[in-house]
Amino acid sequence: MESLVKFVQDEFVAKKEFPQFQAGDTITVYYEIREGEKTRTQFFRGTVIQRRGTGASETFTIRKMSGTVGVERIFPVNLPAIQKIEVNKHGRVRRARIFYFRGLTGKKARIQERRR
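Here the sequence shown stands for residues 1 to 116, numbered as in the numbering used here.
Everything labelled a hint here was simulated from the structure, so no lab data went into it.
No false leads were mixed into what you were given.
Once the Cα atoms are required to be at most 30 Å apart in a straight line, the calculated DSS-like pairs of lysine-lysine come out as:
no., residue 1, residue 2
1, 107, 64
2, 108, 89
3, 89, 64
DEER-style ranges, computed between Cβ atoms:
no., residue 1, residue 2, range
4, 3, 41, 32 to 40 Å
5, 57, 107, 35 to 43 Å
6, 36, 4, 34 to 42 Å
7, 34, 66, 17 to 25 Å
8, 88, 57, 20 to 28 Å
9, 95, 32, 25 to 33 Å
10, 110, 28, 15 to 23 Å
A quick note: this is a predicted structure, and the numbers were derived from the prediction, not measured.
We treat Cβ as the ideally placed atom computed from N, Cα and C, and that holds for glycine.
Work the whole structure out from these sequences, hints included.
And the structure:
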């Protein structure tokens, strides 16, 4: 049964090509918003907290600070509204899910940049 589900996902789910990114990277996601008849492009720039799932059900979580309030947003990788993803900075972290990042403020909330 699992192989059948995997086959259907591979064949029929449209995949978009996005750059490689992982937890700790700072990325900008451009996505389309529909308000009535109008559509506009909005972006969300923040640090990737985690990537989870595989195939069609893969998601990633981005966290940004809006003033003094932390805002997190979960995006499915196969969301049709996503137009593009830009990687602004590659961060160097030692974990795949950096939930400890939520509790850090000020200078402690900085992530060292990884050169490529």
